[in-house]
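Going down the list, the sequences are from chains A and B.
Take the first sequence: its letter number 21 is residue 21 in the numbering used here, and every next letter is one higher.
Take the second sequence: its letter number 89 is residue 89 in the numbering used here, and every next letter is one higher.
Heads up, some of the hints might be wrong.
Straight-line distance between alpha carbons at most 20 Å, and here's what the computed SDA-like set of lysine to any residue pairs gives [to be verified]:
| hint | chain 1 | residue 1 | chain 2 | residue 2 |
| --- | --- | --- | --- | --- |
| 1 | B | Lys256 | B | Val286 |
| 2 | B | Lys256 | A | Leu58 |
| 3 | B | Lys256 | A | Ala62 |
| 4 | B | Lys256 | A | His61 |
| 5 | B | Lys256 | A | Pro128 |
| 6 | A | Lys170 | A | Ala160 |
| 7 | A | Lys176 | A | Arg164 |
| 8 | A | Lys170 | A | Ile152 |
| 9 | A | Lys176 | A | Thr194 |
| 10 | A | Lys170 | A | Thr188 |
| 11 | B | Lys256 | A | Pro59 |
| 12 | B | Lys256 | A | Asp189 |
| 13 | A | Lys176 | A | Pro238 |
| 14 | A | Lys170 | A | Leu158 |
| 15 | A | Lys176 | A | Phe162 |
| 16 | A | Lys170 | A | Arg90 |
| 17 | A | Lys176 | A | Leu158 |
| 18 | B | Lys256 | A | Val82 |
| 19 | A | Lys176 | A | Gly39 |
| 20 | A | Lys170 | A | Pro238 |
| 21 | A | Lys170 | A | Val82 |
| 22 | A | Lys170 | A | Tyr93 |
| 23 | B | Lys256 | A | Asp123 |
| 24 | A | Lys170 | A | Ala181 |
These aren't lab readings, by the way, just hints derived from the structure by calculation.
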Amino acid sequence: MPFQISAASLGALFFQFLNSFGFIVLATVGLAIIFGMMGVINLAHGEFILIGVYGTALPYHAGVPLPIAMLVGVFVTTVFGVIVERAIVRHFYDRLLDSMVATWGLSLVVAQLLLIVFGSSLDSISTPLGNVDYGPFSSSVYRSILLPIVAILVLVGLYALFTRTEFGVKARATIKDPETARAMGIDTDRMYVTTFAIGSALAGLTGALSAPSLGSITPNRGGTFLVEAFVAVVVGGPSVIIGTLSAAGILSVFNASGSFFVDTFFGQMLMLVVAILALRLLPGGITGFIESWRQRRGAE
Amino acid sequence: MLAAVGTGLSISVAGCSGGGDGGSSSPTVGILEDRSGNFQLNGTSKWQATRLAIEEINEAGGILGEEIEIVDPDPQSDNQRYQELTERLILQDQVDALWAGYSSATREAIRPIINENDQLYFYTTQYEGGVCDSTIFPVGATARQQLGIVTPYLAEQYGENIYIIAADYNFGQLSGDWVNVLAQENGYNIVGEEYIPLSETDFSSVINRIQQEDPDFIMSMLVGANHENFYDQRATNDLDIPIGTSTAMAQGFEHKRYDPPALTDVYCGVSYMEELGDLREGEDLVADFYDRWPDANYLNQEAQNNYFSVYLWRDAVEEAGTFDQEAVIEVLEQGRDVSAPSGDLTLDGATHHMEHEMRVARADESHEISFNGQRRIGPSFLREEVEGGEGCNLPEEDQTTQYVPSDVYDV
Numbered sequence: 001m002p003f004q005i006s007a008a009s010l011g012a013l014f015f016q017f018l019n020s021f022g023f024i025v026l027a028t029v030g031l032a033i034i035f036g037m038m039g040v041i042n043l044a045h046g047e048f049i050l051i052g053v054y055g056t057a058l059p060y061h062a063g064v065p066l067p068i069a070m071l072v073g074v075f076v077t078t079v080f081g082v083i084v085e086r087a088i089v090r091h092f093y094d095r096l097l098d099s100m101v102a103t104w105g106l107s108l109v110v111a112q113l114l115l116i117v118f119g120s121s122l123d124s125i126s127t128p129l130g131n132v133d134y135g136p137f138s139s140s141v142y143r144s145i146l147l148p149i150v151a152i153l154v155l156v157g158l159y160a161l162f163t164r165t166e167f168g169v170k171a172r173a174t175i176k177d178p179e180t181a182r183a184m185g186i187d188t189d190r191m192y193v194t195t196f197a198i199g200s201a202l203a204g205l206t207g208a209l210s211a212p213s214l215g216s217i218t219p220n221r222g223g224t225f226l227v228e229a230f231v232a233v234v235v236g237g238p239s240v241i242i243g244t245l246s247a248a249g250i251l252s253v254f255n256a257s258g259s260f261f262v263d264t265f266f267g268q269m270l271m272l273v274v275a276i277l278a279l280r281l282l283p284g285g286i287t288g289f290i291e292s293w294r295q296r297r298g299a300e
Numbered sequence: 001m002l003a004a005v006g007t008g009l010s011i012s013v014a015g016c017s018g019g020g021d022g023g024s025s026s027p028t029v030g031i032l033e034d035r036s037g038n039f040q041l042n043g044t045s046k047w048q049a050t051r052l053a054i055e056e057i058n059e060a061g062g063i064l065g066e067e068i069e070i071v072d073p074d075p076q077s078d079n080q081r082y083q084e085l086t087e088r089l090i091l092q093d094q095v096d097a098l099w100a101g102y103s104s105a106t107r108e109a110i111r112p113i114i115n116e117n118d119q120l121y122f123y124t125t126q127y128e129g130g131v132c133d134s135t136i137f138p139v140g141a142t143a144r145q146q147l148g149i150v151t152p153y154l155a156e157q158y159g160e161n162i163y164i165i166a167a168d169y170n171f172g173q174l175s176g177d178w179v180n181v182l183a184q185e186n187g188y189n190i191v192g193e194e195y196i197p198l199s200e201t202d203f204s205s206v207i208n209r210i211q212q213e214d215p216d217f218i219m220s221m222l223v224g225a226n227h228e229n230f231y232d233q234r235a236t237n238d239l240d241i242p243i244g245t246s247t248a249m250a251q252g253f254e255h256k257r258y259d260p261p262a263l264t265d266v267y268c269g270v271s272y273m274e275e276l277g278d279l280r281e282g283e284d285l286v287a288d289f290y291d292r293w294p295d296a297n298y299l300n301q302e303a304q305n306n307y308f309s310v311y312l313w314r315d316a317v318e319e320a321g322t323f324d325q326e327a328v329i330e331v332l333e334q335g336r337d338v339s340a341p342s343g344d345l346t347l348d349g350a351t352h353h354m355e356h357e358m359r360v361a362r363a364d365e366s367h368e369i370s371f372n373g374q375r376r377i378g379p380s381f382l383r384e385e386v387e388g389g390e391g392c393n394l395p396e397e398d399q400t401t402q403y404v405p406s407d408v409y410d411v
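Just chain A, with the same shape it has in the complex (with noise of 0.2 Å):
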């Protein structure tokens, strides 16, 4: 049943888009950061978000305001992520394909943990917030206002780390050339776990955030953000926050509009096939297109 084009129905399908924009740039980017910067395919990244629902799902029952049980919520995933990365992750550095199968293993061995220790289901958060609502229309202002609001500010924040503070040129630099930094006299191994904890913490804070989106908290929900994750860093390409910004952009505008225009599953399916054709014409991403771009550009 396709919409009738109308300001209300074009309201709606841009609220669609700014819903499908937050939740792509939340489930990717503690995903891309981990991989551009440290070169690590991590496949137990939806059981971090899944970590960080059940931190703040937990003392949420337990009577904590929903804002603070977010925060214990995105402190646990990151001391997760560090004994992670001290444990597991560091003896898999550039060891791409050995890390993907390390940390698969580790999401069967947490999902299953978590079934053991708390049970098939946790009871669900209700959204909150409510709704705008727009002629026959409404929106949730949780997942199509704040979570939107929050994933812009989270890149524009991750932006400022990496290109305007001390700690991001250290870690570039041990991410570019870890044998130049040591000799420059940077601590490489902090910057690995500082920036795993980073990913970590990301990854924390969009299960904070989707805890009360989520709907049903079982210990099979990682899976829920991992095809996104996964085919928003591919498209995106080497470089994390514009990368991460541009896939994001561009993979919702088709999911929104094929979901507006035809329905649901036309709106999946319309966003896999452009990740395909995005991949088949744009091997590096989309930043790696523009990256070469570039350079042919300098070279002229």
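Based on the hints, put chain B in the right spot on chain A.
Below, chain B alone, put in the same frame as chain A:
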């Protein structure tokens, strides 16, 4: 024997499929219900209820004086694992009866193995209906029974414009067809229809589309943890259009897991929910269930089907005087009355389906459940409608078919 199991070459052991022959091994039942993975929320309760029934029977002296053994590995919501385990339980453990599977996709994945080995199999989930298969007893309520009670009830209460949303796989598509059949029979209007991939969690465009069409009520056959999000998003958007369903509440107890008012005015066509208690004289399944499983979440509709069908099997074995599967099926095919927690039910021998006591369960704004419009509904689609009205008659003719609404109706 072991080699045959490993390679799946069942020719040499096909003769054993009667099960329990030779008297060397004790009678065994297989339980394959999901305790992890995507369907664990629904499957765990089914597993618990099946175990409870068998343990009760064993405590009361077993069947034909023999104690029943249980084999119950966790299939982890994985259809490939289901196929491997089904083969193992039939060939290696030689189970005398099998309870297995939550989703219709699972049932269809193992049905060829069941057919190949003529295994007595109880499928207990509510489902789209139409399975007419010689050794399979689908004892859950079918779409025709569930939707058949809830759709007319809502049309009478709220009006005749219906919007259908359903999961995009065999169960959801066929359930949507059944709502269309009911609309044709009763003159309702379908104002919108959408089938949604199981992986989808974002319902904003679905909700906007429903708002545009403004139906009198929604028929929702959404399935699984991802789709549940619809109910929360409906509440966030103040979408107070009533919902009829065959999938919410009675299986995944959403009314307990979500804060009110998310499930307000959701009406589910059910044969059983925990809130119904136990209608048998002097029995209390709910209390027994939580005594045995203090950490259990919910006694769902499916679990009750598992429970009474174990007793149905016991009675049939005792009447047959043997665990031999062919003999037990022959007894079951004579039809039987069953006293179940959900009421006095009847197994229809010809179709292997149940005559259920169906009711409309409604959640109010504080998620209290009330039951209305109770009616006894039989498996009329298989009994009276398929094959040009001849119906499915398994004692007369061996079959391994699944009929679908479009075999009979123009949908």
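So, going through the hints one by one against the coordinates:
no. : hint                  : result
1   : B:Lys256 <-> B:Val286 : 16 Å, holds
2   : B:Lys256 <-> A:Leu58  : 17 Å, holds
3   : B:Lys256 <-> A:Ala62  : 17 Å, holds
4   : B:Lys256 <-> A:His61  : 14 Å, holds
5   : B:Lys256 <-> A:Pro128 : 19 Å, holds
6   : A:Lys170 <-> A:Ala160 : 14 Å, holds
7   : A:Lys176 <-> A:Arg164 : 17 Å, holds
8   : A:Lys170 <-> A:Ile152 : 24 Å, violated
9   : A:Lys176 <-> A:Thr194 : 16 Å, holds
10  : A:Lys170 <-> A:Thr188 : 8 Å, holds
11  : B:Lys256 <-> A:Pro59  : 19 Å, holds
12  : B:Lys256 <-> A:Asp189 : 48 Å, violated
13  : A:Lys176 <-> A:Pro238 : 12 Å, holds
14  : A:Lys170 <-> A:Leu158 : 14 Å, holds
15  : A:Lys176 <-> A:Phe162 : 13 Å, holds
16  : A:Lys170 <-> A:Arg90  : 18 Å, holds
17  : A:Lys176 <-> A:Leu158 : 18 Å, holds
18  : B:Lys256 <-> A:Val82  : 36 Å, violated
19  : A:Lys176 <-> A:Gly39  : 11 Å, holds
20  : A:Lys170 <-> A:Pro238 : 18 Å, holds
21  : A:Lys170 <-> A:Val82  : 19 Å, holds
22  : A:Lys170 <-> A:Tyr93  : 18 Å, holds
23  : B:Lys256 <-> A:Asp123 : 8 Å, holds
24  : A:Lys170 <-> A:Ala181 : 8 Å, holds
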